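Please model the entire structure based on the sequences and the hints provided.
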Amino acid sequence: MSSIKPLDQTLHQTVIVQRDNHYPHMAKQHIAPLVLHEYSLAQQDYPIVFVKDTETGQFRSVALLGLQAGVNVFYSDLGWQADYIPEIMQLYPFALSVNPDGQGMSTLCLDFDSPCVSEVDANSNGESQGQRLFNDDGSQSEFTQTIGQQLVEHHNKQVYTDEFIQCLIDHQLLLEQTLSVKLKSESFEVSGIYIINESALNDLSESDFIAMRQKGYLVPIYAALMSLSRMNVVTEKLNLLHESL
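First residue of the sequence shown: 1, per the numbering used here; consecutive thereafter.
Each computed DSS-like pair below joins lysine-lysine, with the alpha-carbon atoms no more than 27 Å apart: (1) K157 x K215; (2) K52 x K182; (3) K237 x K28; (4) K182 x K28; (5) K157 x K5; (6) K184 x K237; (7) K215 x K52; (8) K28 x K157; (9) K28 x K184; (10) K28 x K52.
Across the chosen pairs, the derived CB separations fall in these ranges: (11) A200 x T14: 52 to 58 Å; (12) T146 x L225: 33 to 39 Å; (13) N99 x E236: 40 to 46 Å; (14) G138 x S205: 53 to 59 Å; (15) G192 x M226: 19 to 25 Å; (16) D137 x E198: 52 to 58 Å; (17) D162 x S205: 20 to 26 Å; (18) E142 x S244: 40 to 46 Å; (19) T56 x D83: 29 to 35 Å; (20) T14 x N202: 55 to 61 Å.
Just so you know, these hints were derived from the structure itself, not from any lab.
Since the model is a prediction, treat every value here as computed from it, not as a measurement.
C-beta atoms are modelled at their ideal positions from N, C-alpha and C, and glycine is treated no differently.
What follows is the structure in structure tokens.
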């Protein structure tokens, strides 16, 4: 359970963050959100699919990290088992709170329950235990400013991604799939996954196809389609994980 709160220069003067490139917060996450700009790199490691929020009905694009809830085949105590790390993971334990109407300033937040977050040790003799969030004068540290800029950029990419997904919906380019998974130890089905409908894509009118190309949508569309070949890799990793239990 996370405890995400806005940063406060008075309350959090002594808070420090030390990144963990093993990404333990993802150990039981079988999906990771992706923005459009990540597809070309992410498709080399993960299947890129779309899922629908059961409460809001909103679609989002994700990297598929596993085929069972609570099982992440890319997580290991030895380190993350893929070359590309999704942006949302790189930015953790930070988050950005944005007004739904887009008005006003965004707020930089932190998951204070994260093991990456701690307090300055008075007995450290000045040795760095992590990155400080605020300078002695109460101003944001360079580290915090950089994270804030990265989060704003990521949010803007997410807005662009939402527009892309809406375009897919408008042109009926999302196709729901039920995956039949056969492991050495068991078989099961995975539902609630959507992929780009290649047949519907080929049936687009010339004007719609050109419009998508002009918006820069074709490269991520083809990246998402190509990424589906990584489904076999996820299945094989899951097989190996089951064998080790």
